[in-house]
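Engineer: Since each chain comes alone in its own frame, lean on the hints to assemble the complex.
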Amino acid sequence: MPARVITITSGKGGVGKTTGVANLGVALALEGQRVIVLDADIGLRNLDVIMGLENRIVYDVVDVVEGNCRLQQALIRDKRLPELHLLAAAQTRDKTAVSPDQMASLSNDLRSECDFVLIDSPAGIERGFQNAIAGADEAIIITTPEVAAVRDADRIVGLIEAAEKGPATLVINRIKPDMVKRGDMLATEDVIEILAIDLLGIVPEDDNIIVSANKGIPIALDGQSGAGRAFRNIAQRILGQEVPFMAIAAEAGLLGRMRRLVGRW
Amino acid sequence: MRFLNKLLTREPASKDIAKKRLQLVLVHDRQPLSPGLMQTMKNDIILAISKYVEVDGENAQLTISQSTGHHRIVADIPVQSPRRRA
Numbered sequence: 000m001p002a003r004v005i006t007i008t009s010g011k012g013g014v015g016k017t018t019g020v021a022n023l024g025v026a027l028a029l030e031g032q033r034v035i036v037l038d039a040d041i042g043l044r045n046l047d048v049i050m051g052l053e054n055r056i057v058y059d060v061v062d063v064v065e066g067n068c069r070l071q072q073a074l075i076r077d078k079r080l081p082e083l084h085l086l087a088a089a090q091t092r093d094k095t096a097v098s099p100d101q102m103a104s105l106s107n108d109l110r111s112e113c114d115f116v117l118i119d120s121p122a123g124i125e126r127g128f129q130n131a132i133a134g135a136d137e138a139i140i141i142t143t144p145e146v147a148a149v150r151d152a153d154r155i156v157g158l159i160e161a162a163e164k165g166p167a168t169l170v171i172n173r174i175k176p177d178m179v180k181r182g183d184m185l186a187t188e189d190v191i192e193i194l195a196i197d198l199l200g201i202v203p204e205d206d207n208i209i210v211s212a213n214k215g216i217p218i219a220l221d222g223q224s225g226a227g228r229a230f231r232n233i234a235q236r237i238l239g240q241e242v243p244f245m246a247i248a249a250e251a252g253l254l255g256r257m258r259r260l261v262g263r264w
Numbered sequence: 000m001r002f003l004n005k006l007l008t009r010e011p012a013s014k015d016i017a018k019k020r021l022q023l024v025l026v027h028d029r030q031p032l033s034p035g036l037m038q039t040m041k042n043d044i045i046l047a048i049s050k051y052v053e054v055d056g057e058n059a060q061l062t063i064s065q066s067t068g069h070h071r072i073v074a075d076i077p078v079q080s081p082r083r084r085a
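Residue numbers (numbering that gives the first Met the number 0), protein chains in the order written: chain W, 0 to 264; chain A, 0 to 85.
Certain hints may be false.
[What the hints assert, rightly or not] For lysine-lysine, the following DSBU-like pairs were computed, each having C-alpha atoms within a straight-line distance of at most 35 Å: (1) A:Lys41 / W:Lys11; (2) A:Lys14 / W:Lys180; (3) W:Lys180 / A:Lys41; (4) W:Lys214 / W:Lys78; (5) W:Lys214 / W:Lys180; (6) W:Lys11 / W:Lys214; (7) W:Lys164 / A:Lys14; (8) W:Lys78 / W:Lys11; (9) W:Lys175 / A:Lys14; (10) A:Lys19 / W:Lys11; (11) W:Lys180 / W:Lys78; (12) W:Lys175 / W:Lys78; (13) W:Lys180 / A:Lys19; (14) A:Lys14 / W:Lys11; (15) W:Lys11 / W:Lys164; (16) W:Lys214 / W:Lys175; (17) A:Lys41 / W:Lys164; (18) W:Lys11 / W:Lys180; (19) W:Lys164 / A:Lys50; (20) W:Lys175 / A:Lys41; (21) A:Lys19 / W:Lys175; (22) W:Lys164 / A:Lys18; (23) W:Lys175 / W:Lys164; (24) A:Lys50 / W:Lys11.
Calculated directly from the structure, the hints in this document are not laboratory data.
Note that the structure is a prediction, hence the values are computed from the model and not measured.
In isolation and in its complexed conformation, chain A is listed as follows (with noise of 0.2 Å):
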């Protein structure tokens, strides 16, 4: 039955593209910041960490996950070399 469907089936149905698109813009409106703010907050981290360790800035990742309802800021930064303190 799936196969024949599937041989009969040129073209997706219009809601399956209105569902996937819908899914693909939920991801982005359920983020609690902007893509320029989330910029911001990254080079500000970064900046805040670099008073401590050299940190390689341009591999840095700063991401929002979110798990049942709950969003979480997770930041993955390289450190390059530790600073000797003075």
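Next comes chain W alone, as it looks inside the complex (with noise of 0.2 Å):
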């Protein structure tokens, strides 16, 4: 089967598009797939110390690009999944450092490698935005339950259909059920009803995502952890699996409206 390179992306920042590349990629090596994860936020990379790689990177994606290295000298190993490699973003240059068609090539490359290609995209529409999706097959929308990111997830689908490379799938990162059940934050069906597109995937809020970044290690690899179970769903539907959702979230009933009436006084 031919690999398929898939962007993850958001437009705002900070709702998680780098933890769920880590993740993703994580989670499709342990259904046994090849893996490349390439990060595209050049200048402010990061995917290199949530995977806990950044001992491990001599070259990176502007080396390839630029022809100091080849392609397999770029490919960093992960420590635990023999079949999940890091393409790292360059640290000291911006976003004009590589072309979309020189991504796009890029990206090319890299499907006789593996079986997929995950691109971390920087926040954003602007070069670095257009340079992430430049190679890609299909588009993942990261968003959480807030306005700011919701809104700026709509700008992306606009973005990447206009692009032709949608329809985009979601993903609802960061859902805190307590607050879903007390009406005090967005649910999957609203989001979903005002973005107008697939879900793919719903990860509940867990302080364990913290932990993992702290130590260097994606929660995806303990199938205990909430988040962690989300994200190896999500890769199960990557796969073409039928996985239920995940059960985060009660509708919001009167026993709801009664506790927030209660906590009123």
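Structural biologist: This is the structure:
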């Protein structure tokens, strides 16, 4: 089967793109897939630290594009999963160091090395984003259930369609079940209704994400944690398996409203 | 049940406020032209049409509607009286 190139993007920063790429990379590798995760956030690289591979980087994506090294030399093998590799962003350059055409051609070169290329897009809609989607076959939009993130996600939906990479699918990240129950956080159905794209996954807010980032061990390696299981479910859906969505938040019913009422007194 | 809910609820849940605000702001965000450019385009269209017929620019309306992903510019421009050809 030909490799799939998938860009993970969001518009807004801080909603979990990098964490998502690291964990989907891990989860797909756990499913036996050969995966390359590519950090397209040139100048602000972080995928390396989230994956705990920051000490192994010699060559980066700009080195590959400029021909300073062979592609294989820049692919860093994951410590835990031999079928998972990282192609790091350059830290001392900026978004203009590579062009969308160069990224598209790089993505094609990567196809022969693996089953999945996951591209970590920078925030924003400018050159970095254009670079990140240039070589993609598909796009996954990550958002959180907050007005600013959903608004930016809507903009990205349009841009991905305009770039003929659509329709994008959606991952809603950092859902707080208690807040959804109280009616103080947009529910999954609300976000889907507003953005009108297909849901790929939902990920609960999980303190373990911060712990795992502290250690450089992606949470998907831990099948017990809520977020870890959520990312594994998403990976299985990417592979075409039918996996039911996690029961993160129950419908806000009478009980929730009574709790709200009581809480005010 | 719904009746009871209504009795117990004094103000809408904040997520409902968020949803309404988002739906409103996205109607504007999804417009391909800013209100200022829409006005300029409307003036230009009226100017072009005025070469052929006399129109009521005051009551002219130019809107962009969206259905199934396609935008459509709809101009509603009242004609006052056909201008005689020279």
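Engineer: Out of the numbered hints, which ones does the structure contradict?
Structural biologist: Structure breaks hints 3, 11, 19, 20 and 24.
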